[in-house]
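J.: Here the protein sequences line up with chains A and B, keeping their order. Numbering (my numbering) for the first sequence: -6 to 391. Numbering (my numbering) for the second sequence: -6 to 391.
If you're looking for bench data, these hints aren't it; they were derived computationally from the structure. Possibly wrong hints are sitting among the right ones.
Copies of the same chain look alike in the list, so a pair counts if it fits in one copy or across any two.
Unchecked claim - Below, simulated BS3-like cross-link-like pairs (lysine-lysine); rule was C-alpha separation at most 27 Å, straight line:
#1 Lys367 to Lys51
#2 Lys51 to Lys39
#3 Lys44 to Lys80
#4 Lys76 to Lys377
#5 Lys152 to Lys80
#6 Lys340 to Lys383
#7 Lys249 to Lys106
#8 Lys377 to Lys244
#9 Lys327 to Lys106
#10 Lys340 to Lys51
#11 Lys39 to Lys80
#12 Lys340 to Lys377
#13 Lys367 to Lys217
#14 Lys290 to Lys80
#15 Lys152 to Lys76
#16 Lys51 to Lys290
#17 Lys148 to Lys51
#18 Lys217 to Lys383
#19 Lys383 to Lys311
#20 Lys244 to Lys152
#21 Lys44 to Lys367
#22 Lys327 to Lys147
#23 Lys340 to Lys76
#24 Lys367 to Lys147
#25 Lys147 to Lys80
#26 Lys334 to Lys249
These numbers were taken from a predicted model, which means no experiment stands behind them.
Number of protein chains: 2
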Amino acid sequence: MRYASRIDCLADKSLLNAFEIVETADMISFSAGFPSSETYPLEAIKDSFIKVIEESGKEALSYCSTSGYIRLREIIGTRLEEKFGLKYSIDEIIITSGSQQGLDMSGMLFVNKGDVVLFENPSYLGAVNSLRAHEAKLVAIDIDSDGICIDSLKKALEKHGENVKMIYVNPDFQNPTGRSWSHSRRLEFMEIMGQYDIPILEDAAYAELSFERSTERPLAYYDKHDQVIYLGTFSKTFCPGLRVAWLCAPKNIMEKYLLLKNAADLSSSAIAQRQMAYYLDHYSLDSHIEWITGIYKQRRDLMAKLIDEKFPNTVRYKNPGGGLFIWLELPAGKDGRELLKRALKEKVSFIPGTSFYPAGDRHNEIRLNFSNMKPEKIIEGMSKLAEITKEYLKESTV
Amino acid sequence: MRYASRIDCLADKSLLNAFEIVETADMISFSAGFPSSETYPLEAIKDSFIKVIEESGKEALSYCSTSGYIRLREIIGTRLEEKFGLKYSIDEIIITSGSQQGLDMSGMLFVNKGDVVLFENPSYLGAVNSLRAHEAKLVAIDIDSDGICIDSLKKALEKHGENVKMIYVNPDFQNPTGRSWSHSRRLEFMEIMGQYDIPILEDAAYAELSFERSTERPLAYYDKHDQVIYLGTFSKTFCPGLRVAWLCAPKNIMEKYLLLKNAADLSSSAIAQRQMAYYLDHYSLDSHIEWITGIYKQRRDLMAKLIDEKFPNTVRYKNPGGGLFIWLELPAGKDGRELLKRALKEKVSFIPGTSFYPAGDRHNEIRLNFSNMKPEKIIEGMSKLAEITKEYLKESTV
């Protein structure tokens, strides 16, 4: 059978495997980017479903409009304004089946084969994968503790010029590193990008999972040139199983997204959207988020403490201010993939850092999820992992 | 903003508009391809949801594996064998978010820009749209009352040779014409296609909606060369709102689909899949289908009777043996789009035939859905439409 050329670009199965692990596992998993499933508000979700079926079952089980359920888009618009100062009209918000679909559609919309897409280095591998599927040339931009490196960005923009068709960024509690961009870095970034006619894909999946009182404004807030596409989701703050996320874009761009959404799957699940809207109208997502971030903060603290106490001090990390991940750096020359092999034998899993580098050229880091395991499992898993790491690092010194 | 070249191929908004109509309407709609919403088994769906939440809420609201919920794939495999003699292992079945996603992924998998894809003429416009999005060159193959025309197929295969990368067909109660391929036509088609290394995308969305006792075997049943990709869905037999459909393909091809599904949206909704599986395990979908096809058959009969009685006899149609549509042919030179304009003023809608022609070059047909409106609405809408049609045809004779 002859396949389209894009298939060759999808060889890296890292993410696929990460998800395929889930169903089998009796293991302690620090791998996937899940919220903690014991936080899902089951009763509220059940109640919402029942109410939607009883109040509007027929509509809820039919096709939805391509752009999505109007009431849900209204609520999302209001939340975005209240929380982040973003002003999107209903026509500038579309519901997607998870943020991943928003990424995929953005590749469809902006990227021809061979076009350059800029990424943070490292970056969310689902975005990397979806852009690979559109045969983008992935160009990595360094990041430091304040966010994307402006020098590296400028160089890439100069070098690739007109060929740059999109930049994908994840400024809040980034997946995989947990880092957030500073205020000044955001301004600097938007100032420079404003000089180019290049869409900025801002993935705000973790923006609401802050462990501190205040969060930086999104890039979209500083957008003077209608160039930011803003992606949000309920997968990290509520639950991923409903597959309800959203994409905001200026109206003229949104028209194109609608065509693509229609070609991709006609519409997202009507019932899931109505359920979500019912929940948002009758319960408090904000209280829920406050509660889960409290739990996640404790788990982050626990994991960090265990790293400090039990891991060799050549292993480094930076404490994230929110989100779901700690990014662990092994000494140079070490390989997170090798560490994973050994950890899996002891029923502990995580994602090796290699997968998050568009060029796949750095190996000595790993991504640890801290949201998904209960404290006793974090203690057990991290203790095991500390031992395995010690052994592995010892070998290296030989 | 600069867009990818594929966006230019998506100019036809017909389908999009068809779906955007739904939410606004107080109209009598013969347009969309819905099952009848009053047939949705609301109580059973509610019960299934509650049971799934109570028995496995946490898993059901998390991410699902990329390939889909195992139990659901098992049930689908068993049903396909019992009903159609198809033998697919679990690994050869993937759950998609509606069949539309299976179409989109098939374009991703097989079609490079400029490649030829063969279509029946007319054909399902969602498939046309999704292949347009991949910049396929669409080549239309004539159909007659027995199915795809073998001569026309042979000519296209000879003319376009190696450039043909896929053929999309809908052999059972086709959308839009309602026609089914005869037994001998199926065999002839598979015989010829077997000589080419070209994937056959068999869309079986309406296969179970037969008004007669027996249905023809699917093309996949006669596949000796592992070249059929088989698409099925619960959207037409159960309800579209859950967005649960499936795609079957030989194992080596399925591996590639998994990569694409992962890039497209990670996985389909876990809760919707489990709900569907619960329903299939605890209720009888077959009884439900028997019931709804009984209703649809009555509505088809009613619509056909009204056409016979009230429409000018220059308007022709062929009674479909199943499915959701009657395909109405106006006299040559007439235009279904013009008829729609007039009908909309009287609050009656349908889809003009033009949209179903990949080349958009035939205009004198319209697609009427008979499943979605209750008898009294069918009578009211068809009576209005008959008057409007009479008026319109009168003008033409001037």
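J.: Compare the structure with each hint and give your call.
T.: Hints, one by one, checked against the model:
For the homomeric pair Lys367 and Lys51, the shortest alpha-carbon distance between copies (14 Å) is at most 27 Å, but the shortest distance inside one copy (40 Å) is not. In this homomeric assembly, Lys51 and Lys39 come within 27 Å of each other (Cα to Cα) both inside a single copy, at 18 Å, and across copies, at 12 Å. Proximity of Lys44 to Lys80 under the C-alpha cut-off of 27 Å is found in neither arrangement, the shortest distances being 30 Å within a copy and 40 Å between copies. For a Cα distance limit of 27 Å, the shortest separation of Lys76 from Lys377 qualifies neither inside one copy, at 40 Å, nor across copies, at 51 Å.
For the identical chains of this complex, Lys152 and Lys80 are neighbours neither inside a copy (34 Å) nor across copies (54 Å), given an alpha-carbon limit of 27 Å. In this assembly of identical chains, Lys340 and Lys383 lie within 27 Å of each other by CA distance solely inside one copy; the values are 17 Å within and 74 Å between copies. Taking the shortest Cα distances, Lys249 and Lys106 sit within 27 Å of each other both inside one copy (19 Å) and across copies (19 Å). Taking identical chains as interchangeable, the C-alpha atoms of Lys377 and Lys244 are never at most 27 Å apart, the minima being 52 Å within one chain and 37 Å between chains.
In this homomeric assembly, Lys327 and Lys106 never come within 27 Å of each other (Cα to Cα): the closest approach is 35 Å inside a single copy and 42 Å across copies. Proximity of Lys340 and Lys51 under a CA criterion of 27 Å is satisfied inter-copy only: 21 Å between copies versus 46 Å inside one chain copy. In the homo-oligomer, the alpha carbons of Lys39 and Lys80 never lie at most 27 Å apart, since the shortest distance is 32 Å inside one protomer and 37 Å across protomers. When the C-alpha separation of Lys340 and Lys377 is checked against a cutoff of 27 Å, the pair qualifies only within one copy, where the shortest distance is 9 Å, while the shortest distance between copies is 69 Å.
With identical chains, the CA atoms of Lys367 and Lys217 are never at most 27 Å apart, being 44 Å at best within one copy and 51 Å at best between copies. In this homomeric assembly, Lys290 and Lys80 never come within 27 Å of each other (Cα to Cα): the closest approach is 30 Å inside a single copy and 50 Å across copies. Taking CA atoms no more than 27 Å apart as the test, Lys152 paired with Lys76 passes in neither setting, with 37 Å inside one copy and 59 Å between copies. For a Cα distance limit of 27 Å, the shortest separation of Lys51 from Lys290 across copies, 21 Å, qualifies, whereas the shortest one inside one copy, 42 Å, does not.
Taking the shortest alpha-carbon separations for Lys148 and Lys51, neither the intra-copy value of 55 Å nor the inter-copy value of 46 Å comes in at or below 27 Å. Neither within a single protomer nor between protomers do Lys217 and Lys383 lie at most 27 Å apart by alpha-carbon distance, with minima of 50 Å and 55 Å respectively. Only within a single protomer do Lys383 and Lys311 lie at most 27 Å apart by alpha-carbon distance; the minimum there is 20 Å, versus 76 Å between protomers. Taking the shortest Cα distances, Lys244 and Lys152 never come within 27 Å of each other, neither inside one copy (31 Å) nor across copies (43 Å).
In this assembly of identical chains, Lys44 and Lys367 lie within 27 Å of each other by CA distance solely across copies; the values are 25 Å between and 32 Å within a copy. Neither within a single protomer nor between protomers do Lys327 and Lys147 lie at most 27 Å apart by alpha-carbon distance, with minima of 31 Å and 59 Å respectively. Taking the shortest alpha-carbon separations for Lys340 and Lys76, neither the intra-copy value of 40 Å nor the inter-copy value of 42 Å comes in at or below 27 Å. For the identical chains of this complex, Lys367 and Lys147 are neighbours neither inside a copy (43 Å) nor across copies (63 Å), given an alpha-carbon limit of 27 Å.
With identical chains, the CA atoms of Lys147 and Lys80 are never at most 27 Å apart, being 29 Å at best within one copy and 56 Å at best between copies. In this homomeric assembly, Lys334 and Lys249 come within 27 Å of each other (Cα to Cα) only across copies, at 25 Å, whereas the closest approach inside a single copy is 44 Å.
The earlier numbered hints that this structure contradicts are 3, 4, 5, 8, 9, 11, 13, 14, 15, 17, 18, 20, 22, 23, 24 and 25.
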